[in-house]
Amino acid sequence: MSTMKTRAPNSKDENISTFEWLTNFQSLSHLLNPDFLFPMNDGEGEGRHANQQDNFRVLHVGCGSSTLGEMLTRRFKKYNLIINTDNDDKVLSSMKQRWEKLTNQWELNGERIISKCIWSYLDFKQLDILSSADQIDDHEVFKIEPKYFDLVMDKSTLDCALCSDDATSGLLYNVYHSLAQSGVYFVVSFHHVDLVMPILKNCPGIDWDVQHFTFPRQVDNPMLTDTLDATYRIKNVSNTPEDFNIDKGGGLASAWSNLDGTFQPNEEYRKVVNVYICRKRQHNHESDDTGNVHHLNNRNDLRIHIHDCNDLYFKKHNPMLTHVRKEVIKNKFEEKKIALKQSSIHQDENSIGDVLSLRTCYEILFTDAEKEHLSYEYFLEDYETFSKDHCGQYPLLSVGMTYESAVLFLETMQ
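In this text, residue positions in the sequence shown follow our numbering: the first is -10, and each later residue adds one.
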């Protein structure tokens, strides 16, 4: 059982403007239609969610100030419970106040809101979906049973988590265990399909089918889309994916330059978005004969899997060492060695022949932007590990690096 803190509104909180990452609700509504996501027959002769066709439960992870949950309740009445979660208390409080104001205005306008929207604190990096705590910091607790949700919506939350193997493994592990049989993990992402698809499709201990779609982004103008207006109505959007120009393959072009590794998104990358529909099939990997859940092993396996997928992708699509960068580093090494030989005063006492000092190598190897994230002290820590593993191949590593050992160091780093 998982617990989530629900936040009471604070009248002193400032109103927070709504914001939609990547694309708006209308662009997603054809895929979020419950008749599309949860057909009565799954193609194998068995009905799916036959007793829940009008009672779907939704978890929106990393909701921020998105109105996706609000729109879902008004467009599709079959989603009768939507829990919007984030780890930002201020945003959650503001969105809860917004929802109460919206529903009051809609009801005054004669529109009855049947679905329930809740805003709750949740951080998947720190909270196990199967925990059983009764209270968290004296806040009201919303309890969730494992296999509770029919739909988990993720609009760029996975994108944000991918910078950390722990965060990503925590997110995917908990999402999977929170999904009911045949439940759907609905992921909207700007990352390249070659990175995200292997992570989702080949997760150890996770058994789901993954569909991939790409389609044009649609961005609302906040000045023209005011859902606080009681007369606001969602436009009549398409109900089926077939009505849209959807590409089920291919995916986004890489936004990274193959020459120097810089971020250079083209027009295609800017205008389209990826959607992944992960439909849970069965729970063969979740428990042993005693019913105990193998969460620790799964989490460790997931971390390794995610790390390997990230490593493989960036080595292929955004390598730290391109042929252009190697030539730049080689030229800088040669220029520095010539300068030291010509200098009447040896300014770099730790440089010997072809071996340049670690401080000099650090200045040569990394750009100013990279140095902001990798200080010289952190560089020395990485180098200490590297030198222990390669001291036999390069005896002078304790002094500094040659061009060849510097290239090997960068290859090892990535």
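Treat the hints loosely; a few may be bogus.
[As the list claims (entries may be wrong)] Taking CB as the label site, the calculated pair distances span:
1. V208 <-> N76: 46 to 56 Å
2. K319 <-> V388: 28 to 38 Å
3. R348 <-> Q207: 46 to 56 Å
4. D198 <-> E323: 23 to 33 Å
5. D198 <-> K319: 46 to 56 Å
6. F8 <-> I327: 48 to 58 Å
7. E323 <-> P193: 40 to 50 Å
8. Q207 <-> H306: 33 to 43 Å
9. D196 <-> D155: 17 to 27 Å
10. K79 <-> K315: 26 to 36 Å
11. T356 <-> K377: 23 to 33 Å
[Claimed, not checked] Straight-line alpha carbon distances no greater than 25 Å define the calculated BS3-like cross-link-like pairs of lysine-lysine that follow:
12. K321 <-> K260
13. K330 <-> K315
14. K304 <-> K360
15. K305 <-> K325
16. K260 <-> K315
17. K67 <-> K79
18. K304 <-> K330
19. K105 <-> K67
20. K319 <-> K377
21. K136 <-> K90
22. K325 <-> K304
23. K304 <-> K326
24. K330 <-> K377
25. K330 <-> K319
26. K377 <-> K304
27. K79 <-> K66
28. K330 <-> K305
If you're looking for bench data, these hints aren't it; they were derived computationally from the structure. Predicted, not measured: the structure shown is a model, and the values here were computed from it. No residue lacks a Cβ here, since even glycine has one placed at the ideal position from N, Cα and C.
So, going through the hints one by one against the coordinates:
1. V208 <-> N76: 46 to 56 Å: The hint (46 to 56 Å, Cβ to Cβ) is violated, given that V208 and N76 are roughly 25 Å apart.
2. K319 <-> V388: 28 to 38 Å: 20 Å, violated
3. R348 <-> Q207: 46 to 56 Å: About 51 Å separates the Cβ atoms of R348 and Q207, which means 46 to 56 Å holds.
4. D198 <-> E323: 23 to 33 Å: For E323 against D198, whose Cβ atoms are near 54 Å apart, the range 23 to 33 Å is violated.
5. D198 <-> K319: 46 to 56 Å: 48 Å, holds
6. F8 <-> I327: 48 to 58 Å: 54 Å, holds
7. E323 <-> P193: 40 to 50 Å: Cβ of E323 to Cβ of P193: about 47 Å, so the range 40 to 50 Å holds.
8. Q207 <-> H306: 33 to 43 Å: 27 Å, violated
9. D196 <-> D155: 17 to 27 Å: 23 Å, holds
10. K79 <-> K315: 26 to 36 Å: Since K79 and K315 have Cβ atoms about 47 Å apart, the given range 26 to 36 Å is violated.
11. T356 <-> K377: 23 to 33 Å: At 27 Å between Cβs, range holds.
12. K321 <-> K260: Cα-Cα ~39 Å, so violated.
13. K330 <-> K315: Given pair K330, K315 holds - Cα atoms ~23 Å apart, limit 25 Å.
14. K304 <-> K360: With Cα atoms ~20 Å apart, K304 and K360 stay inside 25 Å; holds.
15. K305 <-> K325: Violated: K305 and K325 sit about 31 Å apart, past 25 Å.
16. K260 <-> K315: 33 Å, violated
17. K67 <-> K79: It is violated: about 29 Å lies between the C-alpha atoms, which goes past 25 Å.
18. K304 <-> K330: At roughly 36 Å apart (the allowed maximum being 25 Å), K330 and K304 break the hint.
19. K105 <-> K67: Roughly 11 Å between the alpha carbons, so the hint for K105 and K67 holds.
20. K319 <-> K377: 24 Å, holds
21. K136 <-> K90: 32 Å, violated
22. K325 <-> K304: Violated, at about 29 Å.
23. K304 <-> K326: Distance ~30 Å between K304 and K326 Cα, so the pair is violated.
24. K330 <-> K377: Violated, because 30 Å separates the two Cα atoms, which is more than 25 Å.
25. K330 <-> K319: Holds, at roughly 17 Å.
26. K377 <-> K304: 24 Å, holds
27. K79 <-> K66: Judged against 25 Å, a Cα distance of about 28 Å means the pair is violated.
28. K330 <-> K305: 38 Å, violated
Checked against the numbered hints above, the structure breaks hints 1, 2, 4, 8, 10, 12, 15, 16, 17, 18, 21, 22, 23, 24, 27, 28 and satisfies the rest.
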